[in-house]
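Engineer: Here are the chains, one letter per residue:
Protein chains: 2
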Amino acid sequence: MDIDSILNRVDTDLDASLDRLFELLKIPSISTDPAYTADCRRTAEHLAADLATLGLHAEVRNTIGHPIVLAKSDGPDNRPHILFYGHYDVQPVDPLELWETDPFAPRVAERPDGSKMIVARGAADDKGQVMTFVEALRAIKAVEGELPVKVTIMLEGEEESGSPSLPGFFAEAKDELQADAVFVCDTGMWDRDTPAITMSLRGNITITMTVRAADRDLHSGYFGGAARNPNSVVAKILAGLHDDAGRVTLPGFYDGVHEVDPRTLANWDSLGMTAGEFLGTVGLSKPAGEEGRSILELVWSRPTCEVNGMSGGYSGAGFKTVIPAEAQAKVSFRLVGTQDPAKIIEAFKAYAREMVPADCSVEFETHGSGPAIQVPADWPMLKTAQKVLAEEWQTQTAMIGVGGSIPIVHDFKTVLGMDALLIGFGLEDDRVHSPNEKYDLKSFHKGIRSWARLLAAL
Amino acid sequence: MDIDSILNRVDTDLDASLDRLFELLKIPSISTDPAYTADCRRTAEHLAADLATLGLHAEVRNTIGHPIVLAKSDGPDNRPHILFYGHYDVQPVDPLELWETDPFAPRVAERPDGSKMIVARGAADDKGQVMTFVEALRAIKAVEGELPVKVTIMLEGEEESGSPSLPGFFAEAKDELQADAVFVCDTGMWDRDTPAITMSLRGNITITMTVRAADRDLHSGYFGGAARNPNSVVAKILAGLHDDAGRVTLPGFYDGVHEVDPRTLANWDSLGMTAGEFLGTVGLSKPAGEEGRSILELVWSRPTCEVNGMSGGYSGAGFKTVIPAEAQAKVSFRLVGTQDPAKIIEAFKAYAREMVPADCSVEFETHGSGPAIQVPADWPMLKTAQKVLAEEWQTQTAMIGVGGSIPIVHDFKTVLGMDALLIGFGLEDDRVHSPNEKYDLKSFHKGIRSWARLLAAL
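Residue numbers (my numbering), protein chains in the order written: chain A, 241 to 698; chain B, 241 to 698.
There may be inaccurate statements among the hints.
Claimed, not checked - Examples of chain B residues toward chain A, derived with CB under 8 Å:
#1 THR272
#2 PHE410
#3 ALA475
#4 SER510
#5 LEU511
#6 ILE535
#7 VAL547
#8 GLY553
#9 ILE563
#10 GLN568
Unchecked claim - If you want the footprint, here are the derived chain B segments under chain A, 3+ residues with CB under 8 Å:
#11 330 to 336
#12 446 to 453
#13 458 to 466
#14 479 to 492
#15 517 to 529
#16 591 to 601
#17 641 to 651
As the list claims (entries may be wrong) - FRET-style restraints, in silico, Cβ to Cβ:
#18 B:GLY523 <-> A:LYS526: 39 to 47 Å
#19 B:PRO597 <-> A:PRO335: 17 to 25 Å
#20 B:GLY408 <-> A:ASP455: 38 to 46 Å
#21 A:ASP455 <-> B:LYS623: 37 to 45 Å
In short, the hints are calculated from the structure, not lab data.
We put the beta carbon where it would ideally sit given N, CA and C, even for glycine.
Excised from the complex, chain A in its bound form:
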């Protein structure tokens, strides 16, 4: 394959690639909010139409939730068959008032140093990353007239909302998804100049807990000191989840959590990341988790419990002296090693139930969960990927862990027996899930080139 011509094509087609990404970013595909259901379908249809232009047999598959885009090529049989996975849904945009511009009006912003970034909800997570792979395929097809490998592309619309439709879809489409390897583009670089392959992902659990007391909101003057206050009950439950040393207190929580082997730890230490540097980018300085661990250990190899949302009573301007009828918390756990999500969910529920006093009830809604992932270090695919990334970025490829979760990667392994190659071009400062999310134009451009090199090398 003529890799120079392919890379040249990527470069000259970049503006058109960007236009295509913008069309995708304009659709507000917020999967967790039912108000955007139609937009999610519109995004899937848009992607399927685009993939069809590459000669893929692209379909929008209905599920019990948001549809899944499934596109298949014929491709040469003498090369590996790749399943590419990404997601087209995005996180909610609140607080909207903190966005400098409309989250769904994508734009290219220029920094003082001349470097550029794509600003929009989903720019980095995951629409921009998905399009690096799609545009790489497009460039190869344009130059070579055909796709380099047999490829199946699966784009789901529920990654940000617990993927409730996936079990059903896997059961139904298991044979169609079978390939030699899964490629996923939903992770990050080590730093602005250093590409990375992600070797581990933390698992996760997300739960909404609701505590109810009186059958109505009460006046805190008339009833204060007599009626149970669900806000205080929720606060006590949340406050008891960590001990003073930052460890999670649930019984059995650390079952399956293993110390990182010394070689990997030394490898991480050699990356030279300090807590001050890691936290400094977001205005913090001191690690808040378990004491006595390095910052990379904390975010890559240690499990956590975080309160992602807390609400009860009046939170508007001014004051309202109310004892609310109910209060709520959204709690998530990040898992490592062989921690068992089901056991931890039960431990959390048992703990919360025990903390709930007379006259109160507690109810749970789990939104999705998945255990941690470890890519086998001796997988041959890793060597090829390491090499082409190093060529594109002109520096060694970092083998890293990631604190986030991509539960489907676990399903690919357990249900389909496939390992996943986790390559992505996100940066620490991408403001993923936050206002003013961005994706560096360099990430987008060299991301496309990186996939083109890898696809050509297979």
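Given the structure of chain A, go ahead and fit chain B onto it with the hints provided.
Structural biologist: Frame of chain A, contents of chain B only:
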């Protein structure tokens, strides 16, 4: 004065009285929300115009916040001069979805037993109660051709939002407010059939606390276990405010809290109110406050700390794995005896500051505060009021405490040297500050009659 004719006039004019109350209830005078500023003024103007029809010199006085209605009569000089105080502002209506009908579209609803109630925000707190006094004056004026006593009516528009304008107004209007006694109609009956005079009110403090950590919202996968989570910090602060026995833990909090004298306690016990009965009306059964105290002791004579609002991170449908940049709590205290609001505010701030870890800041906004009130048991006005209430309701008048706060009653005593006669016709089940607030039609009707009797007896 011809009391029978006056009471007859009240009865025959009831429908018109109700129409006038409805006009007042239709205006959404939510004082704590700036969106309703114009409505607050409109309410004041409406009331001033109505009071002018009684021959009062009625004015809408501007303040630094919402205006105050001040109306004065000439009246006979040989009788006591009464200052009537009430408030025309109401609480916010959220959660709006729990209202059966528009909170500002007042209606009369009939119970299966044929009894009726007025449903609207402000029906009981305080528009309905204010109008019992106004309609009593109107009936006397209609029958006698003149008002029974010299009366000054002061209606404020910030009672539900900490009365920020009151200090300035008191300084300005001190001489105009001077009277022989203050009458306030913002309290309740003992039960559906038994009138009450309130002898004590708890004081209060309201504070909004905001804890900030990172300079943006963070992804709990990438940063979880490393970055400080303000939700957890707020939860720990709130959870530490009470010990296991329900006592407030702030140092010095119980300074100035005295045990109720045995005679009053015996009097309360004789009312026969059980915890089950008190809490049963709102779906609860067990007192949540300090252990080893009767239910009336808890709500009338013991101080409290309540979390009235708690918010941070994502609280919408579904889930968002965010570590928020900030979290907030709205905390109030109810005070008794000679507890000093200023000292308790400082103790709370000091406690919270101590609980805030590295990388976090905490900020406070106080919305208003006032100490507790005790009416002198030997005040002659009490005897007269006890007698006429007993005549109207055909049963003994209960001398009670109230867990709520009316800070201005303290100012009337300390700034103007006046004691307050606290009579009201609210019921436990009025859903004050809650969705579907109501005021029994019987409360409204016999409330007007009760004031008419008292005014005639002075």
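Engineer: Failing hints, ascending?
Structural biologist: 2, 4 and 5
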